[in-house]
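Heads up: the protein sequence lines correspond to chains A and B, in order.
Using the working numbering, read the first sequence as starting at 173 and increasing by one per residue.
Using the working numbering, read the second sequence as starting at 278 and increasing by one per residue.
Simulated from the structure, these hints should not be mistaken for lab results.
Please note: incorrect hints may appear among the correct ones.
Partner residues are not named here, just some residues of chain A that face chain B (Cβ under 10 Å, in silico) [as the list claims (entries may be wrong)]:
1) Lys174
2) Val176
3) Gly201
4) Phe205
5) Phe206
6) Lys214
7) Glu217
8) Ser221
9) Tyr223
10) Gly226
11) Ser254
12) Thr258
13) Lys270
Ideal Cβ placement from N, Cα and C applies to all residues, glycine included.
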Amino acid sequence: QKEVEQNSGPLSVPEGAIASLNCTYSDRGSQSFFWYRQYSGKSPELIMSIYSNGDKEDGRFTAQLNKASQYVSLLIRDSQPSDSATYLCASLSGNAGKSTFGDGTTLTVKP
Amino acid sequence: DAGVTQSPTHLIKTRGQQVTLRCSPKSGHDTVSWYQQALGQGPQFIFQYYEEEERQRGNFPDRFSGHQFPNYSSELNVNALLLGDSALYLCASSLQPGEQYFGPGTRLTVT
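Only chain B is shown next, with the shape it has when bound in the complex (with noise of 0.2 Å):
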């Protein structure tokens, strides 16, 4: 049974960029949750996917977006990128609300 895999591992960017995350959840899982984590910090809720809509949203810029696809994989974007979105950010599938599975998180490093 397939985790929660993300895409890429790490990514390193230049400030004023665009980039684009991605993630699969674990099979049967409908629910896709992102979150930033910042060194020495709990993760920071982004926003949540379900049934390819955004239900619930962070306290993030409008600078973040994300998608749900019918298969229930989703993708991250950050516009207009800054040197304080360097983080990891991670992504978390679920069926239950609160018992989320987590990827590997993806690294991104703004220069």
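So that you can see chain A by itself, here it is in the shape it has in the complex (with noise of 0.2 Å):
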């Protein structure tokens, strides 16, 4: 078992509809999460942190944590065509300088 889990998708959404991107992890030592946009031949870019259960938004992005499940979301609202990109779940575990990367959510904004 992997120690994030991310369904690779591909996840298809029309332009303007809700993407609902999941992540699991196994470490419960894990104390803070984050999510990264990778496009295609490009190298990930942070999006989004979150520490804390509950919900995190930025614009149009929310994030959502919930430590007792060990399950992270990101929900992109209004979603573009240009938010077609892999979506990459990461942990840290405690102050811990490794992260860990899931395989990343592959997804398509269709006009």
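Hints in hand, dock the two standalone chains.
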């Protein structure tokens, strides 16, 4: 079992819809979680971080964390074709330097 | 404000050779992490440097070594290259744990 699991997709949504991306983790010592966006042929770009249970909103993005269920999600509202990318979920255990990444979910937003 | 830079962009090496990849962190960042990303997978943590010391290491053999300089720039060295070392090598810098800014990567091909 991978430490951070994501559905590989592809996830396809129409323009203007809500895209929901999910991630589960196995290390209960993980304290902090991050979402990165990676366009094809590019490097990952940090879009959200979340440290405590509940929701965190930033523009069209909402990250959700449930430590009891070991579950992290990312909602993208009013999806745009420019949101088409691979979304990587990452966990950080305690104050350790090691971040563990999932293999990503590929999102396609169709005009 | 310059972001994370890496050199070279692409590299082709032969099995058994040695390679050195270079990274300059984002201005003000003191921590550098290195990742290996195979096609279709998430980044795999190699190691992290802070204050010129290797602070954490992932599950990579001793053929992978690194260094951090007083100006926070870093090098990744890989000895005795194998075909399986072909991948995108990403450098990421951070000031806050887990909130990483990635460079464009070095694409290494081993033939």
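Checklist entry - In ascending order, which of the hints set out earlier in this document are inconsistent with the structure? => result 3, 10, 11
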